[in-house]
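Chain by chain, the residues:
Protein chains: 2
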Amino acid sequence: MRFVIAAGTTRTAAIEGISAAGGDADVMRHTPSADVEIVEYGRPVCAPVVPVSPSGCPTPAVVTRAVRKRLKFDTLLLDAGLAMPTAAPTVNVADPGHDLRDPEPVPEADATVDAARELGRTLPDREVVIGESIPGGTTTALGVLRALGEPYDVSSSLAENPLPLKRDVVSDGLDASGVSAGDAAGKPLLAIRRMGDPVLAAVFGLAAGAASQGADVTLAGGTQMIAAAALLRHADVEGPIRVATTAFVAADREADLRRAATNLDLSLAVTDPGFDQASGTAFARYRDGEAKEGVGMGGALWLAERHGVPMGDVRDGMHEILERLSVGSYRDPVGTGSGEEPG
Amino acid sequence: MRFVIAAGTTRTAAIEGISAAGGDADVMRHTPSADVEIVEYGRPVCAPVVPVSPSGCPTPAVVTRAVRKRLKFDTLLLDAGLAMPTAAPTVNVADPGHDLRDPEPVPEADATVDAARELGRTLPDREVVIGESIPGGTTTALGVLRALGEPYDVSSSLAENPLPLKRDVVSDGLDASGVSAGDAAGKPLLAIRRMGDPVLAAVFGLAAGAASQGADVTLAGGTQMIAAAALLRHADVEGPIRVATTAFVAADREADLRRAATNLDLSLAVTDPGFDQASGTAFARYRDGEAKEGVGMGGALWLAERHGVPMGDVRDGMHEILERLSVGSYRDPVGTGSGEEPG
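In order, the protein sequence lines correspond to chains A and B.
The opening position of the first sequence corresponds to residue 1 in the numbering used here, with each subsequent residue numbered one higher.
The opening position of the second sequence corresponds to residue 1 in the numbering used here, with each subsequent residue numbered one higher.
Hints in this document: simulated from the structure, not taken from any laboratory.
It is possible that part of the hints are untrue.
Since the list gives no way to pick one copy over another, a pair counts as held whenever it fits inside one copy or between any two copies.
To be verified - Taking lysine to any residue pairs in the SDA-like style, the calculated list, with each CA pair at most 20 Å apart, reads:
| hint | residue 1 | residue 2 |
| --- | --- | --- |
| 1 | Lys69 | Arg2 |
| 2 | Lys72 | Gly312 |
| 3 | Lys187 | Pro151 |
Just so you know, these numbers come straight off a predicted model, no measurement behind them.
The shape of chain A in the complex, shown without the other chains (with noise of 0.2 Å):
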């Protein structure tokens, strides 16, 4: 089993209200970078933050980490259009993407695709899975299904989903990019060039590059790996593909998690990790709704359960990196953390 990470930027999150992964626009540049370095490393060694939301809500890369420290799996991370230098080993697959309101906010689309499914192709393993890291991502995954056709809403790592300003980006998407809604079904290339990021185009090529080899692809994401399964069913991609989420993800009321993965004939994992039995605001904050996925969260929880690792020990993985980050106390949303990893 090999983990993937497909992390990049757009200009998109870029937008007003769009995301919350990792504070302001400029902070949020680097999230993707510090995201892969926390999987890697357990802490960020060249990006210059922790990825935590105003109200002090951490990265669910500090899920997955705590997740691969017990449960060592391979990982692969692709650098799927980061902005920021990271410390991290990826295969770079893509530039940083554009702004949805663009008219080609992907423009080559098609060459990362073709890397990424070549590498999927490729990859020894006999099953994969596969998250993302990419401020911003929902609502790009919103112009991908809206591109197809599909007709799911989707999730936020806010609380409060800003769903009307990203149906509104959207829609300027659209125009800008001479497309109606639908225009792109069956035409997962042109969704992701017109309507889509770069992202979405590295889960999509390495997904349908090891389907195709007869591995065992899991989607490690809420909304967004809806998007990436819509991409393949689009794709003719006919096999079992898996949805690995969270429950916070499957809670959102507004999101059309099992709608989607009914209609698009996914199987759908939903793992609880159970925060309501930990103390401190990193948990709090899921609680209230916030992040609820990414980087592949839900994908890490599910494979926690298969291997029998209680939640108790994932939740206390967490405590242990949190308090290395020097966010316990989360009174310093975004700071630098320096400790070292035992073991």
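Given chain A's structure and the hints, the job is docking chain B onto it.
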């Protein structure tokens, strides 16, 4: 503990007769890209070759992979001048090096050392083991040693060390660079820029950075790592430095391993993988004096010994990998493997 491998290329490797790392010059350009894929995935993924010498000696990446498979240590692969694409995730710190006989074979030496030093300084690990993969690397190591004024001779991946040829190349390089032997004493950056290679720049920088934060540093390799250690001593790094290498390098009478280790105040760990107790062409070629080291082999063997892994298990692991790579029979010195790795 983190196992780092700096992988790169130079035009020096294209000089006829310099290296055995992968057969002819065209194939050799792929060797480091394939090596890091073998360490990461157990077989080449994107690289179109399995590095095997014309006589059937497989890359020591197979040994490092066999130990990694067993110990599951963390890795950090550095693109220190890869000429060909790789599907292994890397942090890029350098472009390929030029010919040692050019005036400045590593024009960006300072930037590479800076980037690698910063990475080494910020890594969370209390212990780093650093290996290399660079065809022609002992020749550039000899160049660095001469520029620093260090008198030691180097080993070779060939059973018959072409030392006279290496000395000629180094002599031409010194002339072209306007550097006399010893001119770069106390000036490691000058030695690398005018007479080195990008992998030595990366190893030197990473080791210096890691040492500066108090990490335990092991240079995993033969005489190339003697050159890296000399660079560290010439940069006034005074703490303990370990060189972990194989019994094959230690048995090489032309290489001044022990004398250099004593004079440079290095602790030397020599591990014998017991290839005399294994049958098959791969092991026979090593016994004949081919390859000897590379891709961190000596460091991997040292870690195996330290963790109580019997050398018989390492050899069994190698057998498995070699069979999967279809180089078990060694009838096809350069082939592409396609098998899956179990577990």
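Going down the list of hints, with the structure as the test:
1. Taking the closest pair of Cα atoms, lysine 69 and arginine 2 come within 20 Å of each other both inside a single copy (14 Å) and across two copies (14 Å).
2. Only within a single protomer do lysine 72 and glycine 312 lie at most 20 Å apart by alpha-carbon distance; the minimum there is 18 Å, versus 25 Å between protomers.
3. In this homomeric assembly, lysine 187 and proline 151 come within 20 Å of each other (Cα to Cα) only inside a single copy, at 16 Å, whereas the closest approach across copies is 65 Å.
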